[in-house]
Amino acid sequence: DQQVKQNSPSLSVQEGRISILNCDYTNSMFDYFLWYKKYPAEGPTFLISISSIKDKNEDGRFTVFLNKSAKHLSLHIVPSQPGDSAVYFCAARANNDMRFGAGTRLTVKP
Amino acid sequence: NAGVTQTPKFQVLKTGQSMTLQCAQDMNHEYMSWYRQDPGMGLRLIHYSVGAGITDQGEVPNGYNVSRSTTEDFPLRLLSAAPSQTSVYFCASRRSGTGGNIQYFGAGTRLSVL
Chain A
1 DQQVKQNSPS LSVQEGRISI LNCDYTNSMF DYFLWYKKYP AEGPTFLISI SSIKDKNEDG
61 RFTVFLNKSA KHLSLHIVPS QPGDSAVYFC AARANNDMRF GAGTRLTVKP
Chain B
1 NAGVTQTPKF QVLKTGQSMT LQCAQDMNHE YMSWYRQDPG MGLRLIHYSV GAGITDQGEV
61 PNGYNVSRST TEDFPLRLLS AAPSQTSVYF CASRRSGTGG NIQYFGAGTR LSVL
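Chain order of the listed sequences is A and B.
Residue numbering for the first sequence follows the numbering used here, starting at 1 and increasing by one per position.
Residue numbering for the second sequence follows the numbering used here, starting at 1 and increasing by one per position.
Bound-form chain A, shown alone (with noise of 0.2 angstroms):
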């Protein structure tokens, strides 16, 4: 069962502007959520997170909301740029169990 949903599995955004990932979950017991993002043929690496107790996260480009009663986290980047172009990947985080979703490819066109 896919407990950590990224529905959209790809998404292009022009440079400059807001790239919105979307990320849904069904388990009310993740109190801990990640954003991971990967190049090819790298491991993913730490982007930003958010705990359960907040709503909202930010760094710099990048913003993590976090909606508990739907069950659904977003990440923003404003604004975005072409080195951005990689795989996202969301992430919760129950005891010692990470789930994850499939991904979304970010293409950031020039």
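For the record, the hints were derived by calculation from the structure and aren't laboratory data.
Be aware that a few hints might be false.
Stated by the list, open to error - Listed next, with one range per pair, are the computed distances between beta-carbon atoms: (1) B:114 - A:10: 27 to 35 angstroms; (2) A:41 - B:82: 18 to 26 angstroms; (3) B:86 - A:105: 15 to 23 angstroms; (4) A:79 - B:102: 20 to 28 angstroms; (5) B:26 - A:31: 23 to 31 angstroms.
Unchecked claim - Within a straight-line C-alpha distance of at most 20 angstroms, the following computed DMTMM-like cross-link-like pairs (lysine to aspartate or glutamate) qualify: (6) A:5 - B:38; (7) B:9 - A:42; (8) B:9 - B:73; (9) A:68 - A:58; (10) A:5 - A:97; (11) A:5 - A:31; (12) A:71 - A:31; (13) A:68 - A:24; (14) A:56 - A:31; (15) A:37 - A:59; (16) A:37 - B:38; (17) A:5 - B:59.
Idealized CB from N, CA, C, for every residue including glycine.
Add chain B to chain A, keeping to what the hints say.
Frame of chain A, contents of chain B only:
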């Protein structure tokens, strides 16, 4: 500044062969884990360890064995490889406890089973 190191980077096996994927970390992290990445499936947890001598199963453990004799190393063993185990494997580590939410990943091992 090594972080998490995985070897080999690529491997081709025949069905029924055995092999061990190596993983080492130099951050003194208590928690280590193995994931496999398949198209459309994201990263799925195979096995994890919360410290030396302690291992547990994840989401997809069948066909894989692990052991944790030291804090630094967490090898993943395939005893009899099957084509369904063709995948990209990632090892990760993090600190334990509430401050250890961020996992650090190795570069991956791309495995093909023919």
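Right, here's what the structure says about each hint:
1. A hinted range of 27 to 35 angstroms holds for the C-beta pair residue 114 of chain B and residue 10 of chain A, which are about 30 angstroms apart.
2. For residue 41 of chain A and residue 82 of chain B, the Cβ-Cβ distance of about 25 angstroms falls inside the hinted range of 18 to 26 angstroms, so the restraint holds.
3. Taken as a hint, the range 15 to 23 angstroms holds for the pair residue 86 of chain B and residue 105 of chain A, whose Cβ atoms sit roughly 21 angstroms apart.
4. Checked against the hint of 20 to 28 angstroms, the C-beta distance between residue 79 of chain A and residue 102 of chain B comes to roughly 25 angstroms, which is consistent with it.
5. A hinted range of 23 to 31 angstroms holds for the C-beta pair residue 26 of chain B and residue 31 of chain A, which are about 29 angstroms apart.
6. Using a Cα cut-off of 20 angstroms, the hinted pair residue 5 of chain A and residue 38 of chain B holds, with the two alpha carbons roughly 15 angstroms apart.
7. Simply put, residue 9 of chain B and residue 42 of chain A have alpha-carbon atoms about 10 angstroms apart, close enough for the 20 angstroms limit, and the pair holds.
8. For the suggested pair residue 9 of chain B and residue 73 of chain B, the alpha carbons sit about 17 angstroms apart, so the restraint of at most 20 angstroms is met.
9. Proposed proximity of residue 68 of chain A and residue 58 of chain A is supported: the alpha carbons are some 17 angstroms apart, at most 20 angstroms.
10. As the CA atoms of residue 5 of chain A and residue 97 of chain A are separated by approximately 16 angstroms, the hinted pair is consistent with the 20 angstroms bound.
11. For the hint linking residue 5 of chain A to residue 31 of chain A, the alpha-carbon distance of about 16 angstroms falls within 20 angstroms, and the restraint holds.
12. With a CA separation close to 11 angstroms, the supplied pair residue 71 of chain A and residue 31 of chain A stays within the 20 angstroms bound.
13. For the hint pairing residue 68 of chain A with residue 24 of chain A, the CA-to-CA distance comes to about 10 angstroms; that is within 20 angstroms, so the pair holds.
14. Distance check on the hinted pair: residue 56 of chain A and residue 31 of chain A sit about 14 angstroms apart at the alpha-carbon level, within 20 angstroms; holds.
15. With a CA separation close to 14 angstroms, the supplied pair residue 37 of chain A and residue 59 of chain A stays within the 20 angstroms bound.
16. About 16 angstroms separates the Cα atoms of residue 37 of chain A and residue 38 of chain B, which keeps this hinted pair within 20 angstroms; it holds.
17. For the proposed pair residue 5 of chain A and residue 59 of chain B, the alpha carbon gap of about 16 angstroms is at most 20 angstroms, so the pair holds.
The structure meets every hint from the earlier list without exception.
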